[in-house]
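A.B. asks: Here are the chains, one letter per residue:
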Amino acid sequence: MICSAPDPDTLAPVVRLSLASQDWRTAAEMAAALGWRWAGIWGDPGPEACLVRACLVHDDQRVLLETRVPWSDPVLDSHARCYPAADRMERHAQDLLGITFRDHPNGHRWTRHQAWREQDHPLAPDFPVHGHGPKRTPADTDYPFVRIQGSGVYEIPVGPVHAGIIEPGHFRFQAVGEEVLRLETRLGYVHKGIEKIAVGTEPAALARLAGRVSGDATVVHAWAACQAMERATDHGVPARALHLRALLAERERIANHLGDIGAICNDVGFAFVHMQCARLREQWQRRNHQLFGHRLLMDVVAPGGLACDLPAEGEGLLRADHERLRRDVEPIFAIVDDHPSLDDRLLGTGRLSREDARMLGCTGYVAKASGLGFDLRRDQAYPPYDHLRVKVPELREGDVASRVRVRMEEIHASLDLLDQLLDRLPPGEVASDLPRPAPDAQGIGLIEGWRGEIMTYVRFDQTGRIARFFPRDPSWFLWPALERLIHDNIVPDFPVCNKSVNGSYSGHDL
Amino acid sequence: MLRILRQIGRTGVLTEAPPATDDAALEAAGIELRRTLSSRFRGSFAIRHVDAGSCNGCELEIHALNNPYYDLERFGVHFVASPRHADGLLITGPVSRHMETALRRTWRAMPAPKIAISAGECACTGGMFGVSYASCGRADNVIPIDVRIPGCPPTPTRLLQGILAAIGDQR
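Quick mapping for you: the protein sequence lines, in order, are chains A and B. For the first sequence, position 9 (counting from the first letter as 1) is numbered 9 according to the numbering used here, and the numbering increases by one without interruption. For the second sequence, position 119 (counting from the first letter as 1) is numbered 119 according to the numbering used here, and the numbering increases by one without interruption.
Source of the hints: derived by calculation from the structure; they are not laboratory data. Please note that a few of the clues may not be correct.
Sample of chain A residues with no beta-carbon within 10 Å of chain B, all distances over it, derived [what the hints assert, rightly or not]:
{"no.": "1", "residue": "Gln-22"}
{"no.": "2", "residue": "Met-30"}
{"no.": "3", "residue": "His-108"}
{"no.": "4", "residue": "Ser-151"}
{"no.": "5", "residue": "Ile-165"}
{"no.": "6", "residue": "Glu-167"}
{"no.": "7", "residue": "Glu-282"}
{"no.": "8", "residue": "Arg-326"}
{"no.": "9", "residue": "Asp-419"}
{"no.": "10", "residue": "Pro-480"}
Here are the computed distance ranges between Cβ atoms for each label pair [unchecked claim]:
{"no.": "11", "chain 1": "B", "residue 1": "Arg-84", "chain 2": "A", "residue 2": "Arg-436", "range": "53 to 59 Å"}
{"no.": "12", "chain 1": "A", "residue 1": "Pro-492", "chain 2": "B", "residue 2": "Val-80", "range": "15 to 21 Å"}
{"no.": "13", "chain 1": "B", "residue 1": "Pro-144", "chain 2": "A", "residue 2": "Met-30", "range": "45 to 51 Å"}
Values in this document were obtained by computation on a predicted structure and should not be read as measured data. Backbone N, C-alpha and C fix where the C-beta goes; we use that ideal spot for every residue, glycine too.
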């Protein structure tokens with residue numbers, strides 16, 4: 001195989017590996033044989049060719065495969081045969097960039113519904129951001145779902161509008177009696193053109209946009225985008241800002257875990273825990289508002305640092321909060337841990353094997369509950385986590401109960417991190433000016449969000465504005481995991497299985 | 001069971017004794033909401049929520065309306081699973097083109113009289129997503145909106161006040 005390492009520093013800490021396009025698949029097959037995890041693919045369109053990149057991860061190593069795909073013949077071998085995780089991301093690249101993936105097991109459209117034509121590709125440089133006119137967009141009625149035939153097999157279509165306060169997506173169940181034979185998700189309903197509208201924005205605007213890739217993970221997405229821009233400009237962020245970013249990220253993790261643990265219990269009819277957790281989450285969010293001006297912490301992380309500092313009285317309040325939350329969750333978690341009616345519904349439900357989790361590229365609590373304890377904060381640590389003790393829970397069963405338990409343990413681990421962060425919180429500024437980026441400067445942001453690993457690519461243009469922004473949410477790999485773990489479960493257990501995984505629709509659809 | 005009862009006893013009723021100043025505004029809004037509802041909808045107002053392209057930030061705050069601090073249902077306002085059961089439609093997000101038809105159909109499925117409320121910056125103005133190849137922009141571009149609740153996302157208190165305004169405008 002012919003490969004070269006172009007300018008190793010430009011995308012540090014990732015190692016770049018330039019390949020001829022005919023070696024694209026061989027490289028993936030070799031990595032798969034060595035047990036590497038596939039972590040995303042995206043294209044960066046240029047005038048004559050598209051630079052396609054795929055990321056592979058193993059322990060503390062991260063390699064970026066690169067190849068040029070000329071527009072005159074936009075065809076590239078698919079990775080999806082050796083990495084099922086690649087299936088939908090390749091189809092996303094196909095729909096938005098017009099690259100055909102050769103030998104793809106399922107080359108249907110994915111992100112594209114009916115808003116643009118098959119021959120149009122929104123990320124192509126000549127495609128106007130407004131598209132082709134204000135026509136009404138019809139419903140997407142002819143997507144080729146896989147159907148199971150046989151005596152007693154029936155189909156349940158659900159969505160895109162669901163019966164609760166949740167994001168839109170379509171689920172197609174094939175069932176016999178109560179048993180789910182197959183689930184196929186159809187997403188893309190909240191595709192808002194984030195990658196396209198990011199083109200030409202200023203760094204500060206990009207941070208705000210990144211904060212709305214998935215509103216429940218606003219801190220970590222904004223941080224990943226800022227980290228990418230700061231690496232692209234080789235800019236050192238004040239240590240106090242880094243510590244406070246981590247503090248915000250851990251607060252976000254705790255808020256989401258509290259909400260979801262309650263919602264999982266609610267989905268099996270145990271409203272008591274739901275109300276208790278909602279109470280704690282509300283108190284937590286009110287403190288966010290008091291100290292940082294926003295209940296969900298949106299727009300606090302900004303390029304170069306933070307938009308606001310922790311007020312002087314904040315440290316004392318936070319320490320007291322941490323102590324109180326430890327005390328408050330104890331009796332609630334004791335009940336979640338050991339209650340017959342919860343055990344009955346959560347133990348053994350929605351099992352995801354370690355092999356499946358690895359093959360599908362899962363990270364975060366879904367992977368940790370299935371025996372894959374990878375966590376960027378510990379295994380590829382970035383500041384300030386490189387100086388902190390990060391405890392990563394790991395369980396083996398892979399069922400809903402394990403995912404709940406991992407999240408409960410993560411709340412304790414995050415509380416511990418929050419205290420460590422306050423102990424080490426350095427004095428000084430929290431904001432700094434991002435220097436003007438060099439033409440075509442590029443960077444990769446890697447942040448462990450509450451759902452798992454977030455990887456964000458940013459490239460600047462000649463004038464210091466954004467030329468390419470691609471935020472890769474961990475949800476890309478959680479949705480296929482949900483399809484896998486619902487196998488042989490009963491239809492009424494779908495809500496609790498779904499909530500235990502809690503993939504982001506918005507973060508996936510972009 | 002004893003543990004549960006003990007925890008419930010220890011927690012007490014948060015709803016009737018809400019802390020801080022924000023909650024005074026909430027109580028005022030809530031009380032007036034009940035007064036208006038009892039005359040218009042006989043003490044019951046059913047809301048169907050549709051996320052038409054939101055980032056999920058608004059949804060988190062709408063969820064908070066049902067937590068023990070805000071307890072929306074005590075005002076006779078509740079969320080329903082079907083548009084056929086709804087008096088009001090609560091829309092979040094810029095309307096993505098892929099959700100355009102689903103939103104129209106949901107609106108058409110609701111019986112009259114009905115109210116449409118847009119919640120959040122995106123649904124009210126298009127927000128930072130605006131109109132593009134993928135987005136129709138604000139909800140008003142797709143269905144007629146009666147009341148707008150701005151904010152990114154609107155706080156639960158503002159949501160409650162907005163729902164109040166929605167009923168008030170029907171006079």
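A.B. asks: All the hints need checking, so say for each whether the structure fits it.
C.D. replies: Results for each hint:
Distance to chain B confirms Gln-22(A) as a non-interface residue, since its nearest Cβ pair spans about 34 Å, more than 10 Å. Chain B leaves Met-30(A) outside its interface by the beta-carbon criterion, the shortest separation being 37 Å against a cut-off of 10 Å. Every Cβ of chain B is farther than 10 Å from the Cβ of His-108(A); the closest lies at roughly 16 Å, confirming the non-interface assignment. For Ser-151(A), the non-interface assignment is confirmed: its Cβ lies about 31 Å from the closest Cβ of chain B, beyond the 10 Å cut-off.
Ile-165(A), annotated as away from the interface, has a beta carbon of chain B within 10 Å; the closest lies near 5 Å. At roughly 5 Å, the least C-beta separation between Glu-167(A) and chain B is not larger than 10 Å, which violates its mark as non-interface. Distance check for Glu-282(A) against chain B: the nearest CB is about 5 Å away, which does not clear 10 Å, and the non-interface claim fails. Every CB of chain B lies more than 10 Å from the CB of Arg-326(A), the least distance being 16 Å, so the non-interface label holds.
The Cβ of Asp-419(A) lies farther than 10 Å from every Cβ of chain B, with a closest approach of about 25 Å, so its non-interface assignment holds. Remark: the non-interface label on Pro-480(A) is consistent with the geometry, its nearest Cβ contact in chain B lying 20 Å away (cut-off 10 Å). As the Cβ distance of Arg-84(B) to Arg-436(A) is approximately 57 Å, the hint placing it in 53 to 59 Å holds. A hinted range of 15 to 21 Å for the beta carbons of Pro-492(A) and Val-80(B) is consistent with their spacing of about 20 Å.
Between Pro-144(B) and Met-30(A) the Cβ separation comes to about 58 Å, which falls outside the hinted range of 45 to 51 Å.
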